[in-house]
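**Student:** As you go down the protein sequences, you meet chains A and L in turn. Take the first sequence: its letters are residues 1 to 232, numbered as in the numbering used here. Take the second sequence: its letters are residues 1 to 243, numbered as in the numbering used here.
What the hints contain is simulated information worked out from the structure, not anything from laboratory work. Certain hints may be false.
Unchecked claim - DEER-style ranges, computed between Cβ atoms:
| id | chain 1 | residue 1 | chain 2 | residue 2 | range |
| --- | --- | --- | --- | --- | --- |
| 1 | A | Val196 | L | Gly139 | 54 to 64 Å |
| 2 | A | Leu42 | L | Lys132 | 31 to 41 Å |
| 3 | L | Lys107 | A | Phe38 | 24 to 34 Å |
| 4 | L | Lys132 | A | Lys198 | 55 to 65 Å |
| 5 | L | Gly65 | A | Gln143 | 28 to 38 Å |
| 6 | L | Thr136 | A | Gly179 | 50 to 60 Å |
| 7 | A | Gly179 | L | Lys107 | 26 to 36 Å |
| 8 | L | Gln26 | A | Thr142 | 32 to 42 Å |
| 9 | L | Lys174 | A | Phe39 | 47 to 57 Å |
| 10 | L | Leu75 | A | Lys57 | 26 to 36 Å |
| 11 | L | Asp156 | A | Lys129 | 17 to 27 Å |
| 12 | L | Thr136 | A | Ser127 | 15 to 25 Å |
| 13 | L | Asp168 | A | Leu42 | 21 to 31 Å |
As the list claims (entries may be wrong) - Taking lysine to aspartate or glutamate pairs in the EDC-like style, the calculated list, with each CA pair at most 20 Å apart, reads:
| id | chain 1 | residue 1 | chain 2 | residue 2 |
| --- | --- | --- | --- | --- |
| 14 | A | Lys153 | L | Asp156 |
| 15 | L | Lys180 | L | Asp168 |
| 16 | A | Lys55 | L | Glu15 |
| 17 | L | Lys132 | A | Glu151 |
| 18 | A | Lys198 | A | Asp6 |
| 19 | A | Lys135 | L | Glu15 |
| 20 | L | Lys104 | A | Glu151 |
| 21 | L | Lys48 | A | Asp6 |
| 22 | A | Lys135 | L | Asp156 |
None of the values given here were measured: they were computed from a predicted structure. Backbone N, C-alpha and C fix where the C-beta goes; we use that ideal spot for every residue, glycine too.
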Amino acid sequence: MNLLVDGLLKALAMLRSGDNEIITIATLTAKVSLTSIFFSTLLGLPLGMVLGLSKFKGRRLLLTFINLGMGLPPVVAGLWITLLLWRSGPLGQFSLLYTPTAIIMAQFIVSLPIIVGLTCSTFQQISDKLLLQIKALGATRTQTLFILLKETKIGIFAAIIAGLGRIIAEVGAAMMVGGNIQGDTRILTTSIVMEVSKGNFDIALALSFILMSAAFLITGSITFLQQRKRNA
Amino acid sequence: MNTLLKLNEVKLQIEKKIILNIPDLQIVQGEFLGVMGPNGAGKSTLLKLLAFLECHSSGVLSYLGKELSASTISLETRRKFSIALQQSLLLDGTVFQNIALGLKLRKVPKKEIKKKVDYWMETFKISHLAQKNALTLSGGEAQRVNLARAMAVGPDILFLDEPFSALDFPTKIKLMEDFKHIAAKSNTTTVFVSHDLAEIRYLTTTLAIMLDGQIKQSGLTSDVLEHPNLDTASFLNEWKKFY
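Bound-form chain A, shown alone:
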């Protein structure tokens, strides 16, 4: 219990003192997390919509891979990205390994299946009769998609929150592809792992409180958007 209180007090002290390193780490964490969720939403949402609304050969197999991807171990994603970005790998010429971009790529890989899978489930639940009614009202395909997006906003925001949750919790891949380099690729989760390995449990706890507070702020904002106009 004392350790928890100490950790909380340390977190407050770190924030109050404006510790440069903490600010750098927290800022980078927010930057990579928001960038990855942005790109995985940008690609995952339309992919999930198409998978949920259309029927084509190979759809089930594709869905099986996406569902498998929802449980993809981050270290596996990290390993793939590492091999891809390794000097002799296909993208080696871009020297992206151990950069924030590599972390974004890994987080994108682990969150994309979640967003695609959950968006697909949401869209599959739309009844054929509703689609017929929207078409009969004179909607074009684009108008139909916008109406459906509005109708399914709770499910879509849930998918984004779940994807973000995966990103925030992710550490294995970030460690592998980012390298936890001070001032460059160190993010809150990798810092926590490092502090625990050094035996600095109070600092690790303090960092975990900062991470959870940031996560609360971001997730809270998305939840607010999701639940807007609903009572309680």
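Starting from the known structure of chain A, fit chain L onto it as the hints suggest.
**Tutor:** For chain L alone, coordinates are given in the frame of chain A:
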């Protein structure tokens, strides 16, 4: 009278099964056509076909003399039809927004939308619900919104697929009374699908009886009901036991 829709040897076939077989059917302006038949007779499929929401397999389906199908119809022509289904299928938003939706999709100016929506809310006696979330309405209220939404776009033909069947009896009677008055006043050509003889008798002027994907008898509602032919007699007589 001006023929709006005309079907000639229209068939709908899925794999090897013929779902619909309509040798001849015409819908003329101002007509209130009832399509009656038991469950699975093909009434709703016919309605979707007439509203160009489902493609026919063969034959000629024409609107105002022009041969069309669900795959070739232009958006502009499709927007001349409107449909209200058994379930109200309202969207998350206010009653006003729901009724305005079809007009908004047609990019009607905001001022005109307000005028039209206000008119139809008043006509269907739901003005007091304007700002209420449509998903919180009772069954009867929701169906009034559904009908108002369908009428607000000023369709050439209104298609109704059992819009009263899920309502309790007093609510149904009240809404049917109001709707009959509204339909007569607006003179909107209407195709009304139902399996309920009382609804058909009360609302429609002409009637087509469908059995097994075919229209077995059609004509003035009173004539069809008074003088059923050999094909329709047993179906209609079952109903007449209760009315």
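**Student:** Give a verdict on every hint.
**Tutor:** So, going through the hints one by one against the coordinates:
Under the hint 54 to 64 Å, the C-beta atoms of Val196 (chain A) and Gly139 (chain L), about 58 Å apart, fit the expected range. Between Leu42 (chain A) and Lys132 (chain L) the Cβ separation comes to about 36 Å, which falls inside the hinted range of 31 to 41 Å. Under the hint 24 to 34 Å, the C-beta atoms of Lys107 (chain L) and Phe38 (chain A), about 31 Å apart, fit the expected range. Distance hint check for Lys132 (chain L) and Lys198 (chain A): the Cβ-Cβ separation is about 60 Å, which falls inside the suggested range of 55 to 65 Å.
Checking the proposed 28 to 38 Å range against Gly65 (chain L) and Gln143 (chain A) shows it holds: the Cβ atoms sit about 29 Å from each other. At about 54 Å, the beta-carbon gap between Thr136 (chain L) and Gly179 (chain A) stays in the expected band of 50 to 60 Å. Range check, Gly179 (chain A) to Lys107 (chain L): about 54 Å between beta-carbon atoms, so the 26 to 36 Å window is missed. The beta-carbon spacing between Gln26 (chain L) and Thr142 (chain A), approximately 35 Å, falls within the hinted interval of 32 to 42 Å.
Take Lys174 (chain L) and Phe39 (chain A): their Cβ atoms lie about 54 Å apart, and the range 47 to 57 Å holds. Between Leu75 (chain L) and Lys57 (chain A) the CB atoms are about 29 Å apart, so this pair conforms to the stated range of 26 to 36 Å. Checking the proposed 17 to 27 Å range against Asp156 (chain L) and Lys129 (chain A) shows it holds: the Cβ atoms sit about 23 Å from each other. The given range of 15 to 25 Å is respected by Thr136 (chain L) and Ser127 (chain A), whose C-beta atoms sit roughly 19 Å from each other.
A hinted range of 21 to 31 Å is violated for the C-beta pair Asp168 (chain L) and Leu42 (chain A), which are about 48 Å apart. Taking the CA atoms of Lys153 (chain A) and Asp156 (chain L), the gap is near 34 Å; set against the 20 Å cutoff, the hint is violated. Pair hint Lys180 (chain L) plus Asp168 (chain L) holds up; C-alpha atoms about 18 Å apart against a cutoff of 20 Å. With a CA separation close to 18 Å, the supplied pair Lys55 (chain A) and Glu15 (chain L) stays within the 20 Å bound.
With a CA separation close to 17 Å, the supplied pair Lys132 (chain L) and Glu151 (chain A) stays within the 20 Å bound. Simply put, Lys198 (chain A) and Asp6 (chain A) have alpha-carbon atoms about 17 Å apart, close enough for the 20 Å limit, and the pair holds. Restraint check for Lys135 (chain A) and Glu15 (chain L): not satisfied, since their Cα atoms lie roughly 25 Å apart, outside the 20 Å limit. Taking the CA atoms of Lys104 (chain L) and Glu151 (chain A), the gap is about 16 Å. The hint holds against a cut of 20 Å.
Restraint check: the Cα-Cα separation between Lys48 (chain L) and Asp6 (chain A) comes to about 68 Å, which exceeds 20 Å; the hinted pair is violated. Only pairs whose Cα atoms come within 20 Å are accepted, and Lys135 (chain A) paired with Asp156 (chain L) is accepted, the gap being roughly 16 Å.
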